[in-house]
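Participant: Sequence lines, in order, name chains H and Y.
The end of the first sequence is residue 331 by the numbering used here, with every number in the run present.
The end of the second sequence is residue 293 by the numbering used here, with every number in the run present.
Hints should not be assumed to be uniformly reliable.
[Unchecked claim] No farther apart than 25 Å at their CA atoms in a straight line, the calculated lysine to any residue pairs in the SDA-like style are these:
#	chain 1	residue 1	chain 2	residue 2
1	H	Lys326	Y	Gly192
2	Y	Lys171	Y	Gln137
3	H	Lys230	Y	Thr185
4	H	Lys230	Y	Ala274
5	Y	Lys160	H	Arg248
6	Y	Lys160	H	Phe309
7	H	Lys272	H	Gly231
8	H	Lys326	Y	Lys160
Worth flagging that the hints you see were computed from the coordinates, not collected in a lab.
None of these values were measured; they are calculated from a predicted model.
Below, each chain spelled out in residue letters.
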Amino acid sequence: MITWRALMQPHRIVLMALFIGMIIWCAVALRWDWIPQYAPLAIQGLWRTIWILVVTTVLGFLLAIPLGLAQAVGPWYLSAPARIFCTVIRGTPLLLQIWLLYYGLGSLFPQIPWIRGSELWPYLRQAWPYAVLALTLSYAGYEGEVMRGAFSGVNKGQLEAANAFGMPRFTMFRRIWLPQAIRNVLPTLGGETILQLKATPLVATITVVEIYSVSSRVRSDTFIVYEPLLLLAVFYMIIAGIITLMFRRIEKQVPGR
Amino acid sequence: MATADSIAATMQSPDTQDEAICVTDLHKSFGALEVLKGLSLTAHKGDVVAIIGGSGSGKSTFLRCINFLETPTSGQIVVSGEEIQMRPDGSPANRRQIERVRTRLGMVFQAFNLWTHRTLLENVIEVPVYVLKVPRAEAIENAKVLLDRVGLGEKADTFPAFLSGGQQQRAAIARALAVDPSVMLFDEPTSALDPELVGEVLNVIRDLAAEGRTMLLVTHEMKFAREVATHVVYLFEGRIEEQGPPAELFGNPKSARLKQFLKTVG
Chain H
75 MITWRALMQP
85 HRIVLMALFI
95 GMIIWCAVAL
105 RWDWIPQYAP
115 LAIQGLWRTI
125 WILVVTTVLG
135 FLLAIPLGLA
145 QAVGPWYLSA
155 PARIFCTVIR
165 GTPLLLQIWL
175 LYYGLGSLFP
185 QIPWIRGSEL
195 WPYLRQAWPY
205 AVLALTLSYA
215 GYEGEVMRGA
225 FSGVNKGQLE
235 AANAFGMPRF
245 TMFRRIWLPQ
255 AIRNVLPTLG
265 GETILQLKAT
275 PLVATITVVE
285 IYSVSSRVRS
295 DTFIVYEPLL
305 LLAVFYMIIA
315 GIITLMFRRI
325 EKQVPGR
Chain Y
28 MATADSIAAT
38 MQSPDTQDEA
48 ICVTDLHKSF
58 GALEVLKGLS
68 LTAHKGDVVA
78 IIGGSGSGKS
88 TFLRCINFLE
98 TPTSGQIVVS
108 GEEIQMRPDG
118 SPANRRQIER
128 VRTRLGMVFQ
138 AFNLWTHRTL
148 LENVIEVPVY
158 VLKVPRAEAI
168 ENAKVLLDRV
178 GLGEKADTFP
188 AFLSGGQQQR
198 AAIARALAVD
208 PSVMLFDEPT
218 SALDPELVGE
228 VLNVIRDLAA
238 EGRTMLLVTH
248 EMKFAREVAT
258 HVVYLFEGRI
268 EEQGPPAELF
278 GNPKSARLKQ
288 FLKTVG
């Protein structure tokens, strides 16, 4: 922990004073009168950013497990498609993937009568399913590669011990292999989740209203450019901070090898 | 399952009933290199068989073939009267049978191989709870007794990374004991330990030998082998060069190679 005495060093006092001064200057000199009007929209946008992040990382990770496993130990007819998928996802810009899905699938679906008639149609007409799909696939592609390394990186002796005690293969996977693989890449996953957070503004380009698009709205309505972006940066930093803390907590629960 | 059990039951003739492990003409090749060249060995219940030999003599491979961590090339392996079904290439024919037989063979590794993401207690209850389906409370109770027995009762909630090699190996022995194995397999259990930690592990094994546990022990500790083993096997280049009671084998070795070996290891 940082002690009071350590904080009271002259250079630290100067830096803190500068920082506080900057915040006060921001609060006084910049325009914030637009906030009350846009607060409800901002909260909605923030909420949407967060759930898109949570849903796509969870689904993406669930997809990444078979992708990684197939590449690490799968037969060629599973590992080859998995490898191709990860290569394509990692090799193309996310913005392009979002547009390809939205403008591609999004314009293909209306031409297929049974899709138009299905119960899913009210959802498929909206933009967010394509945003969620694209972000999920993207996260799966990157994490599939991470999990490939994670699975092959688990100490062989750990698996051998499970084998030697007659553990059935699925039990071994669930109880030993997967937990160890995940534990080994937790720091990486934390970083990747923050990257995923910062990829979410891209879905604003297909009309999904999340927190970034709210700041754009403020800009185009009021011609106030700088202040919404500043506040936006603070929001992203807070979410990233929460993600970091959450991963640090999980990492702490299981000490290293 | 039922059929495999009944096959095993019919194979149990009276004179082999106290055989814990019976290996016949076991061969193992890694590619062109033949590591085991027709090994046969029988261990009866209560036997402590020490397997000694130089580096590369095949002693570890032999032990690992018994529970099929290595796939033998050919041969026959019978564990507690149950012959392990093998394909012509030596690979196990029936995965369920292998898994079942393995739960009766408590293995202790040179590198401990405790599951690092679980505490000692969790390590010890893992196989009883998730493989043998013992009720959790019962498994925990039993695990505590076993950890106490190897002197680690206080460390039950500690992760392996925080323990010394000797403590980890004792915990690994407790983990093997938790399945109440009919045979214990020790693969050089003290070779990865600092010299001052060897004694505490050997003490635990000595206790097990004294209570009549059937054990196969690959070891470099000649003094210890002489003291606890009921039968010693000396391997040389994948063959049994000489075997017999420890007093005879160490006191009056017949083979020139064994004499040479005992001289070099002191």
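Participant: For each hint, tell me whether it holds in the structure or not.
Facilitator: Tested hints:
1. H:Lys326 / Y:Gly192: holds, 23 Å
2. Y:Lys171 / Y:Gln137: Given that 25 Å is the threshold and the Cα spacing comes to 24 Å, the pair holds.
3. H:Lys230 / Y:Thr185: With a Cα-Cα distance of about 22 Å, the restraint between H:Lys230 and Y:Thr185 holds, given a limit of 25 Å.
4. H:Lys230 / Y:Ala274: Judged against 25 Å, a Cα distance of about 38 Å means the pair is violated.
5. Y:Lys160 / H:Arg248: Distance ~16 Å between Y:Lys160 and H:Arg248 Cα, so the pair holds.
6. Y:Lys160 / H:Phe309: Between Y:Lys160 and H:Phe309 the Cα gap is close to 49 Å, so the pair fails against 25 Å, i.e. violated.
7. H:Lys272 / H:Gly231: It is violated: about 38 Å lies between the C-alpha atoms, which goes past 25 Å.
8. H:Lys326 / Y:Lys160: violated, 30 Å
Hint compliance for this structure: hints 4, 6, 7 and 8 are not met, and every other hint is.
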